[in-house]
Amino acid sequence: MVGIITYGAYIPRFRIKIEEIARVWGANSAEITGGLGVFEKSVPDYDENAATFSVEAARSALLRRPVDPAEIKAVYVGSESHPYAVKPTSVTVGEAIGATPVMTAADYEFACKAGTAAIQTAMGLVSSGMMKYALAIGSDTAQGAPGDALEYTAAAGGAAFLIGNDDPIAVINDTCSYSTDTPDFWRREGETYPKHGGRFSGDPGYFKHVFGAAKMMLEICGTKPSDYTYAVFHQPNAKFPQKAAQQLGFTPAQIKAGLLVPYLGNTYSGAVPLGLSAILDVAKPGDRIFVTSYGSGAGSDAFDITVTDAILDKIDRSRAPSAQQMLAQKKYVDYAVYARHKGKIRM
Amino acid sequence: MTVARFWREIPQRYNLVGTKCETCGAVFFPPRTLCPHCRRDGKIVPCKFSGKGKVMTYSVIHSASDQYFDLKPYVLAIIELEEGTRVTSHVICEPDDVYIGMPVKSVFRVLDCDGPDGVIHYGTKFTSDV
Numbered sequence: 001m002v003g004i005i006t007y008g009a010y011i012p013r014f015r016i017k018i019e020e021i022a023r024v025w026g027a028n029s030a031e032i033t034g035g036l037g038v039f040e041k042s043v044p045d046y047d048e049n050a051a052t053f054s055v056e057a058a059r060s061a062l063l064r065r066p067v068d069p070a071e072i073k074a075v076y077v078g079s080e081s082h083p084y085a086v087k088p089t090s091v092t093v094g095e096a097i098g099a100t101p102v103m104t105a106a107d108y109e110f111a112c113k114a115g116t117a118a119i120q121t122a123m124g125l126v127s128s129g130m131m132k133y134a135l136a137i138g139s140d141t142a143q144g145a146p147g148d149a150l151e152y153t154a155a156a157g158g159a160a161f162l163i164g165n166d167d168p169i170a171v172i173n174d175t176c177s178y179s180t181d182t183p184d185f186w187r188r189e190g191e192t193y194p195k196h197g198g199r200f201s202g203d204p205g206y207f208k209h210v211f212g213a214a215k216m217m218l219e220i221c222g223t224k225p226s227d228y229t230y231a232v233f234h235q236p237n238a239k240f241p242q243k244a245a246q247q248l249g250f251t252p253a254q255i256k257a258g259l260l261v262p263y264l265g266n267t268y269s270g271a272v273p274l275g276l277s278a279i280l281d282v283a284k285p286g287d288r289i290f291v292t293s294y295g296s297g298a299g300s301d302a303f304d305i306t307v308t309d310a311i312l313d314k315i316d317r318s319r320a321p322s323a324q325q326m327l328a329q330k331k332y333v334d335y336a337v338y339a340r341h342k343g344k345i346r347m
Numbered sequence: 001m002t003v004a005r006f007w008r009e010i011p012q013r014y015n016l017v018g019t020k021c022e023t024c025g026a027v028f029f030p031p032r033t034l035c036p037h038c039r040r041d042g043k044i045v046p047c048k049f050s051g052k053g054k055v056m057t058y059s060v061i062h063s064a065s066d067q068y069f070d071l072k073p074y075v076l077a078i079i080e081l082e083e084g085t086r087v088t089s090h091v092i093c094e095p096d097d098v099y100i101g102m103p104v105k106s107v108f109r110v111l112d113c114d115g116p117d118g119v120i121h122y123g124t125k126f127t128s129d130v
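Sequence order for the protein chains is A and B.
Going left to right, the first sequence walks through residues 1 to 347 as my numbering numbers them.
Going left to right, the second sequence walks through residues 1 to 130 as my numbering numbers them.
It should be emphasised that the hints constitute simulated quantities derived from the structure, not laboratory data.
Note that the structure is predicted; figures quoted are calculated from it, not measured.
Incorrect hints may appear among the rest.
[To be verified] Capping the alpha-carbon separation at 25 Å, the derived lysine to aspartate or glutamate pairs in DMTMM-like fashion look like this:
#1 B:K72 <-> A:D45
#2 A:K342 <-> B:D112
#3 B:K105 <-> B:E80
#4 A:K284 <-> A:D227
#5 A:K87 <-> B:E80
#6 A:K342 <-> B:D66
#7 A:K87 <-> B:D112
#8 B:K54 <-> B:E82
#9 A:K342 <-> A:D68
#10 A:K344 <-> B:E94
#11 B:K48 <-> B:D112
#12 B:K48 <-> A:D68
Given these sequences and hints, build the entire structure.
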């Protein structure tokens, strides 16, 4: 059955505390961290972007399980911060892992769920027999305008999943999606920062779509929340996924391993992929994982996943750093350095 | 740098692909098409390096050219790869943390950009492998 052959993640080492951002904008940091449940966020280095994160995550995946790159016949990268407006990130990744030239590639954009859309495409290509392996990546250097509510969470990172049906470490039992035309968050062509509909992005944005996809997934699989060992939901802040999990019937223990946002921030297209990678870092054979992403605009992709015995003997997870190890390796920067790193200072 | 020149060098910049002389075993980076030891008796083949090595010597750059202005101060080092050849590259670390003999591994980064509307040049830099 189709599933995850191997996986890799990347989180840059720089962090900024939310209280430092609040200090600069004269905001009440206790109110913001209390409201969002986020205490610090990752910051890219000067020479990092969504493409370099994608390459590092993909290389980590191939370190954990050596696969002939020539057998990877598709590379899809989901991001809302592709370095070029026209020129694919996916071929840079393909070249850097040795998968070119006999492969198809494309960049995806669907706000924060482009990475899970890439996983679904990869599943289709593998399941149809068109190819042995397809690589799906979600990665972002998330954008938030200076002083805007988004700036307190917009973070950086990504994760890669090699999809195939040859001894997967985790079988993807099923997937479904729930999508509507809901303008809760957008960025127009040529604009540097996105805009959003404020509270509108919670409902009918996030909750309507997450519940729509999650409830459909449970119904299709004939499962209930207690059947799962882990669950991961899109995490623009800590409150939304906790509330969604609670209302669906999942416990705090089920979402703990995949809830990275309090000390990572919102990595947009990288958020659910990184949460899933953190769960795979600790998962055991037989564990069942419930996944629901959310992308503004708007839509949700849900997945029902079962970890197999292959996670013990077909992959060496220790050959690449875990999400928690990367979260622990950090160097704090102040707002001025953060602004330089993010290119917010125009010269 | 012209678009064509960078494009031709993508294999060596992204994946540290150099060359090896199968006659004498010498490895070369950047790639050579002729072995200086074996001359016409040499047989040159592509060789992908592991990306692991150690710092042979380094300099901390405080006065950078325009394209590296954002990076300063940065560490530029000569790195001996474990296969034996040497490469000049940035080492991503605090200037106070680098030392001769420091184990390093390759990472994928932006090397520079041809202006805000030009090509982004990606390639290999190194970071601590301690």
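In rising order, the numbers of the hints this structure does not comply with: 5 and 9
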